[in-house]
Amino acid sequence: MTTSSLSPDPLLQEIIGPTPGQKLRRRVVGHRGLLLGGIVLVVLVIVALFAPLIAPHDPYAQNLMGRLQPPVFLGGTWEHVLGTDHLGRDYLSRLIYGARVSLLIGTVAALISGTIGTILGVSAGYFGGRVDAVVTFLINVRLALPVVLVALAVVALLGGSLQVVIFVLGLLLWDRFAVVMRTSTLQVRNRDYVTAASAIGASTTRVILSEIMPNIMNNLIVVITLEMAHAILLEAVLSFLGLGVQPPTPSWGLMVSEGKNMMLFEPWLVLIPGAVLFVLVLSINLLGDGLRDVSAPEGRS
Amino acid sequence: MLPFILKRLGLAFLVALTVSLISFFLLYLSGDPATALAGEGATSEDIANINARYGFDRPLLVQYGSWLFNALTGDFGESYYFKMPVSALLADRLSVTMLLGVCGISFALLTAVPLGVLAAMRPNSLIDRFALFLSVAGQAMPSFWFGLILIVVFSIKLQWLPASGASSWAHFILPTVVLGYYAMPAIMRLTRAGMLEVLSSDYIRTARAKGASEGRVLFKHALRNAIIPVVSLAAVQMGFMLGGSIVVESIFALHGAGFLAYESISRNDLPTVQALVLIFSMFYILFTFAADVLNAWLDPRMRSS
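As they're listed, the protein sequences go chains G and X.
Quick note on the working numbering: the first sequence kicks off at 1 and runs consecutively.
Quick note on the working numbering: the second sequence kicks off at 1 and runs consecutively.
Hints listed in this document are in silico derivations from the structure and should not be mistaken for laboratory results.
Heads up, the beta-carbon is just placed ideally off N, CA and C, and yes, glycines get one too.
Do not rely on the hints blindly, as some may be mistaken.
Output of the computed footprint for chain G on chain X, the stretches with three or more beta carbons under 8 angstroms from beta carbons of chain G [what the hints assert, rightly or not]:
(1) 7-16
(2) 133-141
(3) 246-260
Derived, one-sided and incomplete: chain G residues facing chain X with beta-carbon distance under 7 angstroms [claimed, not checked]:
(4) V141
(5) L145
(6) P146
(7) L149
(8) L152
(9) A153
(10) V256
(11) P267
(12) V270
(13) G274
(14) F278
(15) L282
Please work from the sequences and hints to get the whole structure.
Here it is in structure tokens:
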């Protein structure tokens, strides 16, 4: 059995067997959900990054003479592939720019909450005792607060804008990071390499950063994907309820909300942005689930 | 058992106290509530009047103390918008939300548990894959979008079910589905994992060896043990669901506590919002406490943690 055509000595390759890196690559390529989610997500990220080049029209340009044109598959024209909204703005262009809003909010909110949650969770797991008790208490308090209600109230008080929504979601979604990072740290903190690092006199910071963190990174990445999806859905909910990102910013949640009043006659106004949101969140979740399977093959059921 | 309950009770109490502190101070983020309440063009005299009437000129901690004390006696102040006691509003609206929550969790359990059992009976079969697909897709589906699709299909196209209001049981069907589907994936996965674990255990093999029928093995022996963690998950999900009621109730125009929260936030009705944050949190704390106790009662190993 040859594992690679580049190998100089097939016999040697057979004895050594595939390297951990090769094994990982095989598992990634063999995992259909991971591949599908990853590819869709990469495409959406590219669309978001190059929105000005890809979008056929200005997403803010109104044309009151050409309002509510249907998409091309419902008898519309190729000029506006997905039709136009109630202000005559090109729907496809707004969708493309909307990907920017969703991905930006998802990424930054997950990074903020990831930082908070990781610091809390790792300290709780590493130091234990009182630190652990305090962090566990904070997690309990955070879980008791209803996310949608608190986020709505705070965003309404501070005024809806991209920054406020990101900030509020970032401050609310750290609980799962803290829970997972705490458990992961507990699992590795008594391993031999951690004891060895402390024994040769490495500082606490050094032990945490260069011994513990690399070994719990896989779990962190999985939670980042899950919370990114969570933040994107919550932004859409806030914007749908009219208390998140404000018009005329093209947010998918806002587009569903704007289309809601014309749902009776033009259901595609609601169906299209919701479907895109569903695909984005699904791809992130598939990627996260896949990463969990691939990084912990023994945990597969 | 009693020390465990007391410890959990103490923790729940501390969490509740902290949450009350947060829900009170959260709403001072906007700055001076008197100015906000007086609106544009108010004179300093108006603001002084409002301050005197609502007690905004007292120190914050004193305000918090009296708010908490009144809340404990069931007095949440007067709604700025409805000009009536918040407690009366809540009594009126909470019943709708509670009914919706019970329907939602029942729907989730009645669909997710059988699906999880079937999936565990035949791992990697078509039904297992279907259940997995449903749980992955369910988690990615925006609830407001799902609700609107159901309205388009069942209310507008087929005209089977009403789209808004709460005057009959039929009005609750679509909201129940939208609220319940979100809890389904977690319950389904936990049932499946629990059943898989239990079905491979020694006592199930013994039961089969004794010649017990498959139905008896599944329901009398396996499900009884696999369902324990599901019960506590359902309690926690029920707590989350009350929060989810905001979206569902505003889509279907059900006048429950969630809709009240949405209206009050839009209208800057601080006392109502404060009371709702507190009440929703208290329900969550109560449900998780009940789940912990139930778990410890059913499974003595949990009592030590």
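Verification of the supplied hints:
Counting residues of the region 7-16 of chain X whose CB lies closer than 8 angstroms to any CB of chain G gives 4, which reaches the minimum of 3, so the coverage claim holds. Here the region 133-141 of chain X counts 5 residues with a CB under 8 angstroms from a CB of chain G, which clears the bar of 3, and the coverage holds. Beta-carbon proximity to chain G at under 8 angstroms applies to 3 residues in the region 246-260 of chain X; the threshold of 3 is reached and the given coverage holds. Nearest Cβ of chain X to the Cβ of V141 (chain G): about 5 angstroms, under the 7 angstroms cut. The hint holds.
Because the smallest distance between the Cβ of L145 (chain G) and any Cβ of chain X comes to about 6 angstroms, under 7 angstroms, the interface hint for this residue holds. Because the smallest distance between the Cβ of P146 (chain G) and any Cβ of chain X comes to about 3 angstroms, under 7 angstroms, the interface hint for this residue holds. For L149 (chain G), the interface hint holds, the least distance from its beta-carbon to any beta-carbon of chain X being 6 angstroms, beneath 7 angstroms. Interface restraint check: L152 (chain G) against chain X, minimum CB-CB distance 5 angstroms, threshold 7 angstroms, status holds.
Below 7 angstroms, beta-carbon pairs count as interface contacts, and A153 (chain G) has one with chain X at about 5 angstroms; its hint therefore holds. With a least beta-carbon distance of about 6 angstroms to chain X, the hint placing V256 (chain G) at the interface is held under the 7 angstroms criterion. Against a cut-off of 7 angstroms between C-beta atoms, the interface hint on P267 (chain G) holds, since the closest Cβ of chain X lies about 5 angstroms away. Evaluation of the V270 (chain G) hint against chain X yields a held restraint, the C-beta minimum of about 5 angstroms falling below 7 angstroms.
For G274 (chain G), the shortest C-beta to C-beta distance to chain X is roughly 3 angstroms, which falls under 7 angstroms, so the interface hint holds. At about 6 angstroms, the closest approach between the beta carbon of F278 (chain G) and any beta carbon in chain X falls short of 7 angstroms, and the interface hint on this residue holds. Because the smallest distance between the Cβ of L282 (chain G) and any Cβ of chain X comes to about 4 angstroms, under 7 angstroms, the interface hint for this residue holds.
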